[in-house]
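**Student:** If you want the building blocks of each chain, they are given just below.
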Amino acid sequence: MGFEKVDEILENYAYKHDALIGILQDVQRLENYLPQETLQYIGRELEVPLSRVYYIATFYKSFSLEPRGRHIVKVCLGTACHLNGAVQNLEQVERVLSIREGETTEDRMFSLETVNCVGTCALAPVTMVGEDYYGAVTPGRVEKILSAYSTGSGSAEDGKD
Amino acid sequence: MMVTLTIDGQIIHVERHTPIIEAAKQLGISIPTLCHHEGLQPFGSCRLCIVEAFRGNRSKLVTSCNYPAEEGLTVLTASDRVLETRKMVMELLLARCPDVPGIRRLAEKMGVEAVGFKKKGDQWCILCGLCVRACEQMVGVSAISFASRGIEREVKTPFGMESDVCIGCGTCTYICPTGCIEMTGDPGPPGHRVMDMGDLALGSCSNNHDCETCDIDQGFLDKMKRAIESVRL
Chain A
1 MGFEKVDEIL ENYAYKHDAL IGILQDVQRL ENYLPQETLQ YIGRELEVPL
51 SRVYYIATFY KSFSLEPRGR HIVKVCLGTA CHLNGAVQNL EQVERVLSIR
101 EGETTEDRMF SLETVNCVGT CALAPVTMVG EDYYGAVTPG RVEKILSAYS
151 TGSGSAEDGK D
Chain B
1 MMVTLTIDGQ IIHVERHTPI IEAAKQLGIS IPTLCHHEGL QPFGSCRLCI
51 VEAFRGNRSK LVTSCNYPAE EGLTVLTASD RVLETRKMVM ELLLARCPDV
101 PGIRRLAEKM GVEAVGFKKK GDQWCILCGL CVRACEQMVG VSAISFASRG
151 IEREVKTPFG MESDVCIGCG TCTYICPTGC IEMTGDPGPP GHRVMDMGDL
201 ALGSCSNNHD CETCDIDQGF LDKMKRAIES VRL
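Residue numbers (our numbering), protein chains in the order written: chain A, 1 to 161; chain B, 1 to 233.
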């Protein structure tokens with residue numbers, strides 16, 4: 001892969017050292033993770049030691065150094081969601097995608113994560129796919145929600161909140 | 001600008017923003033620390049150097065290695081509150097690395113024997129950051145850094161791979177207060193050095209010490225090792 005898009009991002013931030021976190025966030029959006037070569041490239045271009053780039057990339061939980069799927073499924077297991085049956089939803093997602101929490105499907109479409117709150121407790125139990133929120137999720141709705149993404153059309157379902 | 005502060009009842013004039021630990025040193029008061037080095041930026045990670053700083057009637061516990069001297073500040077380096085808290089810090093350090101001679105000696109000196117915490121076992125690294133800072137600020141290559149966070153925090157080369165910027169100088173080995181970074185010879189080319197720290201393996205000189213002016217050989221390695229052992233606490 002070329003680094004044209006990375007160059008573009010670096011350009012946007014005017015190659016500023018103090019924008020490193022913002023740069024990494026934008027770069028991660030390209031492939032949903034931070035490939036090693038890309039981090040090395042960023043260090044070289046910014047003239048920041050690679051160890052510093054690595055330090056920041058491993059410090060924040062929102063950065064991933066492992067490849068992740070195109071869509072990140074986040075099942076909220078916060079208090080409100082937990083009480084409303086989020087665990088059953090999680091198990092259903094695991095069944096539908098045949099992966100466990102923290103894993104990525106073989107076709108690199110989905111990664112499954114659990115989070116502890118997404119700030120929308122009124123919609124509990126909440127599941128996020130990418131940037132989309134789904135409230136009052138039941139195990140029965142899980143497959144329908146996910147299938148809309150696996151067919152590639154992006155977000156979906158009338159019940160989207 | 002000079003300021004006047006009181007440390008343990010003694011008055012001293014120092015440049016404003018001098019770290020308290022340095023001011024205390026000028027008065028001959030020693031404050032225990034594991035992560036402070038006058039040649040490096042303060043970091044405040046070992047927490048052993050805590051002192052009680054008073055402003056009026058209020059006091060708070062601060063790390064003296066990175067607390068700046070201000071006009072009218074009053075400091076107690078060995079009040080009951082300080083000693084009690086420092087003992088707790090020592091206990092935690094001892095629980096983390098029960099086998100490090102330097103830590104054990106320091107604990108003994110402070111009267112810490114029994115550890116009330118679950119022993120963590122075989123670690124030697126206390127994450128003081130001296131090696132990381134020395135590599136960045138003294139050597140200027142930044143071959144190592146912290147990685148991850150929380151209980152997973154460790155000192156590492158990027159991606160845990162052999163570093164291509166490490167010059168094999170051994171500063172990290174020298175400055176480490178617990179001796180967890182070892183410098184060893186390598187079966188490879190003569191003078192090829194490797195730093196070992198658990199999974200941390202730093203590479204050698206990028207030119208295999210092949211430059212004309214380089215006279216590093218095995219004798220140098222042994223000498224360096226002896227020197228390091230003699231200064232280790």
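Source of the hints: derived by calculation from the structure; they are not laboratory data. Heads up, the beta-carbon is just placed ideally off N, CA and C, and yes, glycines get one too. Fair warning: there could be bad hints in the mix.
Unchecked claim - Cross-link-like lysine-lysine pairs, in silico, DSS-like; alpha carbons within 30 Å at most: (1) Lys119(B) <-> Lys61(A); (2) Lys16(A) <-> Lys5(A); (3) Lys16(A) <-> Lys61(A); (4) Lys109(B) <-> Lys119(B); (5) Lys61(A) <-> Lys144(A); (6) Lys118(B) <-> Lys61(A).
Stated by the list, open to error - Pulled a few chain A residues facing chain B out of the computed Cβ check, cut under 10 Å: (7) Gln36; (8) Leu39; (9) Gln40; (10) Leu50; (11) Gly119; (12) Met128; (13) Ala136.
**Student:** For each hint, tell me whether it holds in the structure or not.
**Tutor:** Here is what the structure says about each hint:
1. Lys119(B) <-> Lys61(A): holds (28 Å)
2. Lys16(A) <-> Lys5(A): Holds. Lys16(A) to Lys5(A) sits at ~17 Å (cutoff 30 Å).
3. Lys16(A) <-> Lys61(A): holds (23 Å)
4. Lys109(B) <-> Lys119(B): Holds. Lys109(B) to Lys119(B) sits at ~20 Å (cutoff 30 Å).
5. Lys61(A) <-> Lys144(A): holds (29 Å)
6. Lys118(B) <-> Lys61(A): holds (27 Å)
7. Gln36: Interface hint status for Gln36(A): holds (6 Å vs cutoff 10 Å).
8. Leu39: Hint holds; Leu39(A) Cβ to chain B Cβ min 8 Å, cut 10 Å.
9. Gln40: Hint on Gln40(A): holds, closest Cβ of chain B at ~8 Å, below 10 Å.
10. Leu50: holds (5 Å)
11. Gly119: With a closest approach of 22 Å, the Gly119(A) hint is violated.
12. Met128: This interface hint is violated because 23 Å lies over the 10 Å limit.
13. Ala136: violated (33 Å)
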